[in-house]
Every structure is written in structure tokens, then in C-alpha cells.
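Novice: One-letter residues, chain by chain:
Protein chains: 6
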Amino acid sequence: MIIDIHGHTVAPPQVYEFQARLLGSRGYPFDKFPQISDEQINQPLKRVVDLLDSVGTDLQLISPRPYLAMHSIQPAGVVHKWTEFVNNIIAQQVKLHPTRFRGVAGLPQSPGADIRDCIPELKRAVQELGFVGCQLNPDPMEGGYPEPPGLGTEYWYPLYEALVELDVPMLIHSAACCSPRESYTLHFINEESIAIMSLLDSKVFEDFPTLKVVVSHTGGAIPFHMGRFRAWRHRSGGEDFDVAIKKLYFDTVNYSKEALELAFKVLGSDNLLFGTENPGTGSVMNPHTGRTYDDLKPIIDSIEFLTEEDRRKVYEENAKRLYKLEV
Amino acid sequence: MIIDIHGHTVAPPQVYEFQARLLGSRGYPFDKFPQISDEQINQPLKRVVDLLDSVGTDLQLISPRPYLAMHSIQPAGVVHKWTEFVNNIIAQQVKLHPTRFRGVAGLPQSPGADIRDCIPELKRAVQELGFVGCQLNPDPMEGGYPEPPGLGTEYWYPLYEALVELDVPMLIHSAACCSPRESYTLHFINEESIAIMSLLDSKVFEDFPTLKVVVSHTGGAIPFHMGRFRAWRHRSGGEDFDVAIKKLYFDTVNYSKEALELAFKVLGSDNLLFGTENPGTGSVMNPHTGRTYDDLKPIIDSIEFLTEEDRRKVYEENAKRLYKLEV
Amino acid sequence: MIIDIHGHTVAPPQVYEFQARLLGSRGYPFDKFPQISDEQINQPLKRVVDLLDSVGTDLQLISPRPYLAMHSIQPAGVVHKWTEFVNNIIAQQVKLHPTRFRGVAGLPQSPGADIRDCIPELKRAVQELGFVGCQLNPDPMEGGYPEPPGLGTEYWYPLYEALVELDVPMLIHSAACCSPRESYTLHFINEESIAIMSLLDSKVFEDFPTLKVVVSHTGGAIPFHMGRFRAWRHRSGGEDFDVAIKKLYFDTVNYSKEALELAFKVLGSDNLLFGTENPGTGSVMNPHTGRTYDDLKPIIDSIEFLTEEDRRKVYEENAKRLYKLEV
Amino acid sequence: MIIDIHGHTVAPPQVYEFQARLLGSRGYPFDKFPQISDEQINQPLKRVVDLLDSVGTDLQLISPRPYLAMHSIQPAGVVHKWTEFVNNIIAQQVKLHPTRFRGVAGLPQSPGADIRDCIPELKRAVQELGFVGCQLNPDPMEGGYPEPPGLGTEYWYPLYEALVELDVPMLIHSAACCSPRESYTLHFINEESIAIMSLLDSKVFEDFPTLKVVVSHTGGAIPFHMGRFRAWRHRSGGEDFDVAIKKLYFDTVNYSKEALELAFKVLGSDNLLFGTENPGTGSVMNPHTGRTYDDLKPIIDSIEFLTEEDRRKVYEENAKRLYKLEV
Amino acid sequence: MIIDIHGHTVAPPQVYEFQARLLGSRGYPFDKFPQISDEQINQPLKRVVDLLDSVGTDLQLISPRPYLAMHSIQPAGVVHKWTEFVNNIIAQQVKLHPTRFRGVAGLPQSPGADIRDCIPELKRAVQELGFVGCQLNPDPMEGGYPEPPGLGTEYWYPLYEALVELDVPMLIHSAACCSPRESYTLHFINEESIAIMSLLDSKVFEDFPTLKVVVSHTGGAIPFHMGRFRAWRHRSGGEDFDVAIKKLYFDTVNYSKEALELAFKVLGSDNLLFGTENPGTGSVMNPHTGRTYDDLKPIIDSIEFLTEEDRRKVYEENAKRLYKLEV
Amino acid sequence: MIIDIHGHTVAPPQVYEFQARLLGSRGYPFDKFPQISDEQINQPLKRVVDLLDSVGTDLQLISPRPYLAMHSIQPAGVVHKWTEFVNNIIAQQVKLHPTRFRGVAGLPQSPGADIRDCIPELKRAVQELGFVGCQLNPDPMEGGYPEPPGLGTEYWYPLYEALVELDVPMLIHSAACCSPRESYTLHFINEESIAIMSLLDSKVFEDFPTLKVVVSHTGGAIPFHMGRFRAWRHRSGGEDFDVAIKKLYFDTVNYSKEALELAFKVLGSDNLLFGTENPGTGSVMNPHTGRTYDDLKPIIDSIEFLTEEDRRKVYEENAKRLYKLEV
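Keeping their order, the protein sequence lines are chains D, W, P, C, Z and H.
In terms of my numbering, the first sequence is residues 160 to 486.
In terms of my numbering, the second sequence is residues 160 to 486.
In terms of my numbering, the third sequence is residues 160 to 486.
In terms of my numbering, the fourth sequence is residues 160 to 486.
In terms of my numbering, the fifth sequence is residues 160 to 486.
In terms of my numbering, the sixth sequence is residues 160 to 486.
The set of hints was computed from the structure by calculation and includes no laboratory data.
Any given hint might turn out to be false.
[Said to hold, decoys possible] Simulated restraints, written as ranges between beta carbons of each label pair:
| no. | chain 1 | residue 1 | chain 2 | residue 2 | range |
| --- | --- | --- | --- | --- | --- |
| 1 | C | Gln202 | W | Val323 | 23 to 29 Å |
| 2 | C | Thr312 | H | Ser395 | 46 to 52 Å |
| 3 | W | Val323 | H | Ser395 | 35 to 41 Å |
| 4 | P | Asp212 | W | Lys405 | 47 to 53 Å |
Values in this document were obtained by computation on a predicted structure and should not be read as measured data.
Heads up, the beta-carbon is just placed ideally off N, CA and C, and yes, glycines get one too.
Please work from the sequences and hints to get the whole structure.
Specialist: Rendered as C-alpha cells:
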């Protein structure tokens, strides 16, 4: 069984029409969520199902598309309404294709707000909508100022408590980026590097030993710069960096074979989960392979040093265990 | 002939899907504008045509829907792309129904930017797309800080020069409002009041005697507070306020009869243009009349003190003259 | 009996000499309030009494002149001292002419400060000085940034509690305006519109059913745009806007007959109170009538559709009831 | 002949009534300056003349009272109008008592504005009103942020050019102070210290060798800390500090004998000018002497080490030469 | 016995190498304090001992060099580490020369932080390192914005409580100055003036009658402007300023004889403590005396009006009593 | 011959003592640079020479240690003096060991300042001190706000012009990081990723085809995420990303073999230059190899797929060509 833990919702344009109105009105006045019919929902979704079939994915975990999260838009009420609405859309999608999708919740994060404000929506998503995890944006300011506290600080503890209590993982994934010199897609990578270091230089895993954290995009820049942080750790006398990094999980959303090989060598098959972000950035034809960049299974299948057990873990078992998937 | 000078584009949801992506990516990277097919465009538009038929409007001038203008979103490139795209959509709509619509351009205004940055798009709209005027937002900061210079200041002069040169009117209409205590719809009203006073307390009409300015929504609060500003003027010794206000034009987008009566008394039929903003805020059934609030023709028809000539001016002649409509 | 609920204190120049010194020193050091003699006080005041006689007003409620309130001047101690001083001057004036004036308190509002800081002065004014109400500035920032919370938010609740407990009304009236594009007199109008909508879109009257709110200047722009907000309400399904607006009271400080007619039609004689702000902005001769703009009684007398009962309510009874005047 | 170079205007309360209105309206709208009658002007002024008689002063140079200058009030137009008005009042006062007063101009300084904006008013004061110098506030931000450029920077050069061209001195004197921990009177002292060091550590006197600068209040803290700055200079190898400081002039507004003695020893009688700021801060009875603190002539007369020539310079000759007084 | 209460540590360059690394890394990551050997420490220190011998000083109290305190550097952790490190260095120095030095602690002040954050380091210094007092910077923002609360406000009360409990004095001494128009050395003087006035205009000595405060540099500008503040006090009716100022102590760090004479006259020998800040700003040869500016004992010895008892107090007894020195 | 293009100066502690004084005084007053003797300079430097001998490096290019650059410290004069001083120290070091070192200049970058302010020091370093390149910090704000313009913008063009004219390369290397959630060492990586994308998404290499750019630390995260940016480029239709990235050069400062292998595969031996940053972050013993992490030659020697020619290019030829080294 092939489980892709990193997919984002593909919604019909009516969803974005509502987003436009919500942004335009800044939620004042606010009436009610529009009804998007199952038919409207299914129109783009069935193409995703076909896509999953074509690449051999059995189940995909889908979350709100991060770069559309509008976390930095003020006032915070806009973010709350938008997040709730998108989570509802995802629930509707899972209901339409219960064997192919599971929901991963967006959180209504707003810069400067108390992180506790996100917990009701997290609980609603998991307990009422049946979602299996959530997505966490380490930078709700979206590249602006002031920067949020690092993930290693106590600012985030109330959320970690809730996650531990619900026993669901969080997928670290930033959102848009307002900086004119940094695209959102590069911001993803940089924020993941910061998130990893902030968590590993903190007491978070002492305080929440059962917290489950998945880092998107094979961990930003960190696996490529292991030597730098190994030296750092040796110097300051902490735990080995190769040991520390195993407290985190990573997905395989990295579209080149040499990088995935490095990731497998450095992070290992116990800590990697199959993910493609398909359809998304990588859904363009690679002229050298004739397949899209995000069709990652053939690439992973071709990595020679992996065993069948390695692949089984990455494709299926790690995800089932972490997300407690009953499939 | 009935000409409604105040309509906003009704676009298919695909337009807003693009807006969402543009907002999410902040225009970095930017690929190209999506193609929206004539069929997609026409789906919501033919409902508008039916609507115009049902209320007896022959021609409607349509502009970008103001509260979706995103003027305050940074960086400015986002606003430029979005404005250009929406103007293109409007041109496509006019082409589909050339006897029923004319285009009024949005301008890519960005707070703090030089107003000259808007002139290329204004010229493109008028000279290449055949638009008959533009919409001006007196508050591109959208309720934020710092406030823009008043319309009476020289900040706006390069635009006024271009308008005079092109000989097209501008419709004063603000956009979204980011203040949590002021809805965008009330912001429209307040900004119109500020715009009128800033223009009339300035030398703009001395410097640009042929500038054509139309104020939305019957002029905000000013016609209702004429006494206050008449007294003000008497005190400081300027031109009579009743004379001064006639340098401006106003539309009839005000959904109550007693207010329209006051507007006709104070502003006069030479300075009022028929406008409804239909479909829009007023497109809800008035239980007392069985018609929508924005079905204004029956109301104007019922104002007893108006002559046929008054109505002809307001419904048709003022608009034809100001906008140089050839119909 | 004619009661004018909207007058502002006319103080001798010595009062402003103190204000200048207070502003210059920013209250550091502060010595003590200057003594203004009854004779000094009475010099300008007796001219006001003559004025009231000439227009037929029996009793005027007087409050601090709003545009001199200095609410946005930092530090807050300056505002506290100035407000206390002006309230004292008003008390001294009432004492000199006990049959002609009643005091309405200014509040020492400072942007960003806790609204509770105003309550001791409110209580002192009502309980010790015998004042019959207070004036509330919805924008102590005086057109600056950041904007204050809307009147519908819980920020203001401690004050509402105190008002309900004291059973006195508040008159909504903004102060100066620091924006170079908006005069204070227009700011009055815009702030009243925002205040009305913020209150009516909130739960304030559910939480404080006996709160008495009077809006200055016939309610800003709202009565002129009833149609817009009626449609709005119908759309979102709330209480009729015409019902909602009756929770508020309004004064007649609007210097044109057609506007007052509209106000009477829309707001009704149960919710309007006679007010003139005389002497003030309107105290200039209207060449068409030979009377000052703020001589409103002849205008109201001339509105044909009003009954004697209507006029009695507006001139006298509403004020007596709301302000619990014993005269 | 006794010339007091440091007096501030004593104006009737009507002047402050206008200031209050100007502040309240922020100059929008602005009508015209009120006429203050000679009689009103003279009422407080004749008490000053009596005062000068009683302490033996023949001629006093009077400037706007600094702590009322409102330099930091926005927008800048308020400052321009206020300054022009006060300079006019001073001109009217000089005209009333031409043998007893000379005018020293206030400048319409506004933080962040180009210093060139002050030059027209400086020229008007000197060339049209006959003033003999001006007052310069080194901190138009009045204790706020950001700090202005130091007096040694080129920001101020256009003003210095104008002063050299007009051949009139500037008196360094700060205005109000918005800091809650620093009174305006202490701010005077601190700003004078900063001004002296900024000028002496710069090339101003190389670039403007004929610039005439008088520092108020015996030079802030600098004469008391000569040793500190002598050592500083020796270390960095510049001109002797005792030589450098003689490029500046100082007045004697310091209300204790031991301090004046120190000032005479350190600054010398060629660089000190008699000044009292009377009436002002020091106009309170000193119980030990039975005279007011600002009655400085008896104190200076009692300093034993001064010669008659010293006193003549300080009382008369230095002022006559610097201000080119024809008396 | 000659006790110099105002010296600052002279540390080997290795200390500043650590400072550079701490600044560069902003304390992230932080490893551990470097070991500076006794030999390294002693290399510059023995030159100080020779210096003390040459000027006849028996004991010097040494504190961190204020202009290197880095109080305004963010984040606050940098300041905490740096302060702790320098206090340790001072303790090591005292240990090397126990008969010649005593430690005065730096405090890890950070702008905007709670002053309570400094108390653990204060207690460590006094109780564990044996320090006899601390240095307080009234402006941890170092000339930036916003200004800190005045020393008279309750912001500082927790520190005052701790000082009273520990029964040790604080020496008021500001640090660097980021303003381009004010050098740190002049900032010292201005901050001292502000500190004195803020304390004396407050209730601090009512609330903490046993608080011991020493002001550096003979009290900034205040002794030179006693007349100004005497008048001020008389006007507002408080305690005599000459009485009030005796609640504070002052050191003699003022490098000119005439100023020291003034200080002795105004402040008196009971309130002055011998201090030189040697080696420091004044350690440059005075060509007129052949001694360095900071060799103050010969100057004080030459002041004729001082008695032997005066000198004993200033050189020894006041310091012993205030700092509870057992020597 | 082995050339290490990425070394930073190892300076004696006296250099940091000067830095501390410069920071403390903020350059006001400024006297002169201290003389650091050749002996002092050589003490730490000869240890570096020994180090180079032990790892087999013949020549090292040395630049200022980036995290000590203080670029964000205000005012800018501090940065100018510090940079000039450090460049002088490097010149002195090169002079002491002319066969072992070459200088790479630091630039006095200050956030918000015109980049032209750096050109005189660049020219002095190259033309007078004989330096062979410079170091460029893409983030002189050091992690603060607002962010600088991206390297692809015209802000940087004057510097690029100067570099092209001088025909020397720039090494992209950020400095300190003030963010509490991001260490300077991780900031290096993130800034390199941003720099690469900003340059490659711009017209810089069209406008300056001969500009020579070396990116530190094997190019941040980009080589590890090639797939992401390949897809991105295909989507937007630009030049192949693998072609584009070859416009840049990269050094080998990456302390793990698997990452260097990836770098060689993706970037190729024509675009990589041997660099170690030794001594620095990696100078700690790797327990698995018995060598320090930054001893990179054995690692590169062990990469099996490299040819001798590959190694010769990377160790020697690329550096000689780019830096025009005559050795």
C-alpha cells in the first residue's frame, strides 16, 4: 500500500471566490459560508483521484494549500473563517472519497496571537471531522516583521500539549512569503531549516517526548549541512546531531534523486515518510524522464541501496504508525 | 435610453482562483495570466444581462469590483498584475456584449507609490481596450496607516493631467477597509465625504478646469450636511458651497427614496448620473416594495418634483456627455 | 420649554492661557489650577445667555468644546488635568446661571489607555458637580494611528457599566483630527457613522439594555444611507435596520431643512432631541434667511409634517426623560 | 545702559485662545489671524515695563516663549501659523514700547522638515518687522523620536547662511519636552550642552566664521564640566577646549551666584551677555535675598573679581555689538 | 586612607575578544565563558596598582566600564551573559589584589525588560562575590527610543527594595549613547541630571528612606543650575531644593578646580565621595599642572575653604560608612 | 598547489579591544586606529600557518570574520571605521606571510545606506592594499527589519559595476543574525539560498556578463533542492535551472562527504572552488575520522568519481583564474 502523506486540497474555483470576498470584506460583515456542492467539489477532485491512480498512490493525506493560508492578513478573524471553511471543504472531499483521502487540518494561526486560539479548530478537525493530523506554520507572519518565536520556545507549548493529548502529528509547512526577495517556495525550505534547529536546540522533546513532528521537503537545508551542525554540537558538547535529528520525521518531497539518496543516508528509512505534494510545484514534465517531477515512487524504487523493508516503511508503515491510519 | 454608470464586473470563479494564487505567491514567481474562456466569462455575465433587461437598463458601465482591488497588499507588483488582469476580463466582457457594457478601468494604486505608476495602465485601458473612464480609490491604504494625501494635493496631479489629456472621467470609489471597526461599505461613504471636501477646499478645479469627477453613492455624507459646510464657507469667505459642489458629478447609488429626493434637491439633475451598483450590496429584496433595493429606476420615476427633462439628463444625457458615449 | 442638549462651553481666554501652559509643560512640573474669577467666567457667558434668549432657548446642556479636548496629546496626565479643569469651569458656569445651563462632562480619554481611567472623573462630574451626562469621543487618537476599538467592543464596557449605574446618557462626539486631509468638523460626521454601525452590529444593547446613547449631528451619514444598511441587514438576516437604529437617540444639529426633514422621517420624533451647538460652527448669518445657521427652532417649526406633540418631544420631553432634568 | 538679551513675550490670554483654536483645528480650516488690540496687548506688557524699571533694565530683547512653540505638533502648517502670529504680536509690542523692547524671532521649525522652510519667516522678521535676531530650537522634536541632526551637521547650513547674510545672531533655546521623565526646563539645559558640543566638534565655524551664536542659560552643563572636555580635546589632539568655547556667546540666565562666578571664570566677560528670562521661571522671591531669583544685576554687581569694564561689556557692549543695536 | 569609589575595570584584551564573539553570535549558540588566567588578568591590572600608588589611592572600588555595557543590544540574553562575565572578571581582580580593590556590580539591564530580571545577578554579586554596591544605568536604551521610565517611577521599585534589603548603594552611571549628536561622555552628564530630578520630584525617598544613591560626575548639570531648581521648588511649594538634594550622594569625578569648589559649596562634604574614574577619560596630561586631569587629590587638597575634617569625610569616611567597607 | 579561497582573519585580542571601544563610543568621539604590532599580529597568525601546513594548504584567501562585521550597528560610521581597520589588519597579515595569504576585503555595508558608500573602501582594498576580491553580505540588516533588496535588484548595480571594472570576484557571505530563533551559522545558509535565487531570477548576468560571484558553503540549500527549482523553471519557461546555476561559483565549505558528492554532481568541478573556513566552525575533531571537520582535502580526495583534473580545477585552477592569482 502506498500512502502519500503530503498532499494539498484541490478545490473548485468557487472556494477561491469566497476567499476573495472574505479578503475584500475583511470579514466585516460576515454572513455565512457558501455551500459548495458535492458536484462542484468533485470536479477537480476526480482528476486528483485519476492522478493518484496513475502514479500508484492508494491514499493521500490532504491539507489546506499552504501558500493560500492568508495567515498574515489582519484582522485575525479573516484567518479563522478561512481556515474553518477550508477544513470543511477537505472534510467534504474525504467524505466523497473515503478510501483515497484523509484530512490534515489547517490551523487559524495569526501573528502575535495566542497559539491557544488555534486549539478549538484543531480539536474540531480531529474530533468532529476525523482528521489525522495538522499542518503547522512556523512563520504566521509570512516573511514579515516581527518574527515569531522559534518552535523551541514555550510560546508553542499549549499547542504541543493539545497535539500530545490528541496523539496526532503536526506537519511543519510554512505559508506565503511577503518578502520581495524570497519566493514562498524558497521560504518553505528556509523555515524548515529554522524549525529543525529551533526544536533540536530546545527542551521540547524532553518536555513532550511523545510529540510527533514531520518536517516537509526532506528537512530544508539541514540534511545537506549535517557536517556543519555535527561540528557545532561537538563543540558545545550536546548529544550527537545524528542522534538528535532522529526525533523528527521527514517526508520525501524533494524532486531529485541525488538529494533523496542523501536524505536516506542521513535521515534513514525509519524517519522518512513518502510524500509528493502532488499535484503541486513538481507537477510539470521532466523532459529527461518523461514523468512529472513529483512522481517520486519510481525514483525511490530506483535507489539501489534501499531494501524492500526500507521501502515498505517509507511507503506505508511509518505513515500508518504515526498517523494511526486504519486502512 | 437608460445608462447605469455604476456597475462592477461579475466574473467567473476562475478569476478569483487566479487572485488567490497571486495573493498566495505575492507575484513571485509569476508565470502568465490564465486564459478564461468566453464561455466561462459569459456564464455569470448573461445573468447580469438578464438582470439589466429586467430593470430596463440599456447600457451599464462596469469597473473592477472595488472591495476586491487589493490595493494595500504588498508588494505593489501584486496590485499591478491583478488590476491588469481584471481590466482584461472587463474588456473581454464588453467584447462579448458590445451593446450592453462599456469598461471603466481599475488603476493599480499602491499606498506610498508614485501615482505616475498608474498612468500606463490607464492609457492602455482607454487607448487599447476602449474604456470610457476609470475608478479612483482615494485611500489605497484601505483604512490603514499612514493616510494618503488628500485628493486636493499635488500628489494626484500627474493623474489629473492624464485624465484631462485623455478626456475621461474618474469615478471616486474606495476599496476594502482593514479597520476592524469600519466595514468596507461604510468606508466607501466616509472616503467620499473626505474626497469631496479635499477637492473643494483645494485648487484642483482651478488647475484642471476640465477634469471630470464623479462621486459614488450620492456623495457620501456631504449632501446631508450641506448646512454645516455652507456655514463653514460663509465664515471663511470662499465661494458659496452650493456653487462649489456643482463642480462635481454624483451617481444615484443610494437605496432610499427620501435620500434620493434630498440629493436631487441639493445636487440637481445636471450633476446626477443614474447608477445602481447592480448587482451588488443592494441586490436583496425590499419586502416593502417587492423589488430589490438597487432597482432604482422606479424610485426615481416616482419622485414627483422631477421633470421629464430631469430624468432624461440623469438616465442618459449626463452620462453620454461626460463619458462621450457613442451609442 | 425649549431645551438645547448640545452646547459647548464658552470660556474666557484665561482658560486657554492655562491650556497653553499645560501643553507647553506637558504637565511637568504641575503646580495647581489657576483661579478663574466669576467675573472672568461671566464675561463671555452672559453673551451666551443673551443668545439663548434671542433664539428662545430656556436651558442648554453644555460640555467641553470637543475640538479642544487634546485627547491625543501625550502623556495622558495632560489630558486628565485639562479635562478636570474644564469640567470645573463648566460647573462654575452652571452655578452662575443655574436656570439656564446644565453640565455635561468631558472624559479624560487617552489613546491606548484603559477606559477605566475615565470613570473617576465621570463619577466626580455627576456625583459631585451635578452633571447630567457625559460626552464620549469614539476616537481619542484624533485621526491618528492605531485606531481605537469600535464602540461595540468590550474595551468600552467598563464605561457603559458606569453610565448605566449612574443612569446618565453619553453624547457621542469626536474631538480634533490630526489628518491633513480631514477637518475636525468632517471627522465628527465620519466618526458618528462609524460609532452607530459599531454599536448596532454589536451586542452592546443586549448587554446594557438601559444604556442611553445620543449621537451628535443627526447621526453622521447613516440616516442618508438607510437603504444601504437596510439591504445589508436583510442580507445577513438580522433585525430590521429601522428597528435597530431606534435604540439610539440623535440630536438635531444639522443646519439644513431638507436634511432635518429626512432625519425626522427616518429617525422619528421619539428619538430626536433638540440641539444646536450654538454658538459654534453654525453661528454665521445665512443670507437667505437672515438668521444664523444654528438658529434651528424656526426651521423645525416650519417642517409641516410635524405635529405639536412631535415638537414637544423634540424640544423638551425627550431631553427631560433621558437626562432626568428637573426644571 | 542695561540690556537684557533674554526675555520672552508676555502676551494677553487672547493670544492663547487663538493657540487653542489652532491646535484644536490643526489649522484646517484656517480663516485668518485674530486682531489683538493694542490695549489688550498692553495690559500685561505694561506690567513688564514696570518690572524692567524696578530691576533697572533699559532694554529687553523679547522672543516667543519657547515652551509654547508647539514645534512637534503635526502637521507643520500649525507651527508656521503659530510662529508667524507670535512674531507679529512681538512686533506689535515693540511698536508700543520702542525704547524698551526689541524683537527676536521665533522660527517655524518642524521635525523632519527642511530647515529652508524657516528662512522666509526669518527674513520677514528681520527685514520687515525689524527684529534683531532669532531663537533656534536644536530639538524641534521636543524630546521625541527620532532625534534631529546635531547643530554641527550640514542639515542646518542653509539657516546659517541666511543668518550670516542677515548678520543677526541666533539664541539657542529648546522648547517643550514630551518625555515624562524630563521637564522642559531641564531639557533646556541638556539641549544646550548637546548643542555646544555638536557645534564645537564640527566644522561650522570654519565654514561660517562670522556666524553669531548665543547659548542660553550659561551654556547648560558645559562650563561646569570643562575639565572633562579639556581632557577629551587633549586626547584627540584638537584645539584647546578653552579656546574653542570662545567661539560661542552665552547669557547669564543662571540663578545662583556661585554658578555665575564659575561662568565668568571659565567663559570670560567678552563672551557673556546679560540676560534674565524675566519674567519667567526665576520670578519667585528668594527668601534669603528678598529679591526674585531672576533679579541678576545685584548678583553680578556683587561678584568681586569683575571690573567695571567687565560689567560694561556684559551689561551693554557685547549685546550692542552682537545684535547691532542702535540705542 | 584614600578611597576612590569610582573606578572601572581594566581588563585584558581577551575579555574583549569574548565580547566580540558574544556580540557576533548574539549568544546563539552559547558555549561557556572563556577562562582568563590570573596572569592575563594581572598584566593590565598591575599597571593600575602602580597608578594608584603614584596618586596615593589606597583602595579603589571598580565596576564594569559603563560605555562597554551593551545594554541596548538585543536580545537581552547577550547582556545577561556579558554582565555576568565582567562581574566575574572583577571578582577575580579583587581576589588578586584584596587590599587594593573592591567590586561594584554591573547589572544586566535591557530596555523594556522587567527590572526584576537584574536582581539575581545583583544578589549573586553581593552575596557570592562579595561586591559592595552596584552601578545603575538610568537609560538602558542608550540614547534610543522609547525612553525608559524615570528613576522616580515604580518601574524601578523592585530593584530599590533589593538594594535596601542588601543595604548596598547604587552608583548612577549611564552607558553608551547611540545618538549621533551626543557622545557617551556627554550622555553621562545629561542622564545624571535627569536621574537627580526624577528622583527628587518623586516619592522614592519617602518609600525607601534608607536607599543609598551615589550620582557620578558631581551630579551632571544640577549643582551648576541650583538657582533654577530652587526657584522651581519655591514656586510649587515643596521642600527646599537645597534640603532635598542632600538625600543623594555625589562623587568628585569632575576635572576642574572651579567646578569642584562649586560642588563643595553646594553639595557639602557630607555628601561628596572621592572618586576619579582613573584610569579613564581624564588620564591625559594637563599641560598646566604636569599631572593628569584625573589626579584629583592635589586639587581637592588645594581648595582652601575645606577643613581637614571635610577632606577626611570625602576621602574616607563617607565611603566607609555608605559602602560598609571593612578595611 | 592547494588554494583555500575561504578563510577568515585570525586576529589578536587587541583588535577586539578596539572593536569594543568603537562599539561603546559608537565612533563619537573617534581618535585614531590603534597600532597593532607585527608581533601581536603574528602571534595567532603563525598558528594558522602551522595549521595550513598540517592540512597541506599552500595559500589561503582571508577576509574579515563575517559574524563580527557589525553591519547592523548604527550609526553607519561605526561600520566604516571597523571595516577599514580590519582590512588594514588583513593587509598587515598578508605582508607578514606574502606566500601564504591573500586579502579579500570586507565592505562597510550599512542597512538602508546607498551601496555606493562601500565602493571607496573596495577600491582602496584592491588598488592600494592589493586584495584579490571582496566579501558581500546580502543582509546587512543582520536578520532584522526591513529586509534589504534582493541581490537581483538594481540597488546593488553600482557595486557590480565597480567589481566588473576592478575584475575581482565577490564572495557571498552573510554576517551576524539578530533573530533569536536563527543562529548566524544557519543564517549563512538561508541567505545563500536567497542570494542564489534572487540573482538567477534577475537580469544581473545579462547586465553584467563578466561579474564573478562565489557563493559560500556549497550554495546553501539550493543544490539539495535542484528538483524543486528545475520544475519551477520548466513551468515558467525560462532557461534550464542546471544551465542557469553555472553562472555562479561555489566553494566546498560543507563538512560532510555525502553533501560534497551531491555538490560535485550538481554543480560540477568547473564551478567549485576549494574552501574550508579553517580555522572556524568546523575546527573540531570528528571522532569518526580523527581529523577536524574542516580538513576537507582528504574527503575530496576520497570522492571516487572525481578525476585528477577535477581535483586540480577545484584545488587550484578555478581559484587562480577567478581571482587572477599570481603565485
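Novice: Now, for every hint given, state plainly whether the structure supports it.
Specialist: Checked hints:
1. C:Gln202 to W:Val323: 23 to 29 Å: violated (55 Å)
2. C:Thr312 to H:Ser395: 46 to 52 Å: holds (48 Å)
3. W:Val323 to H:Ser395: 35 to 41 Å: Because 40 Å falls inside the window, the suggested range holds.
4. P:Asp212 to W:Lys405: 47 to 53 Å: At 39 Å between Cβs, range violated.
Hints 1, 4, counting from the list given before, are not met by this structure.
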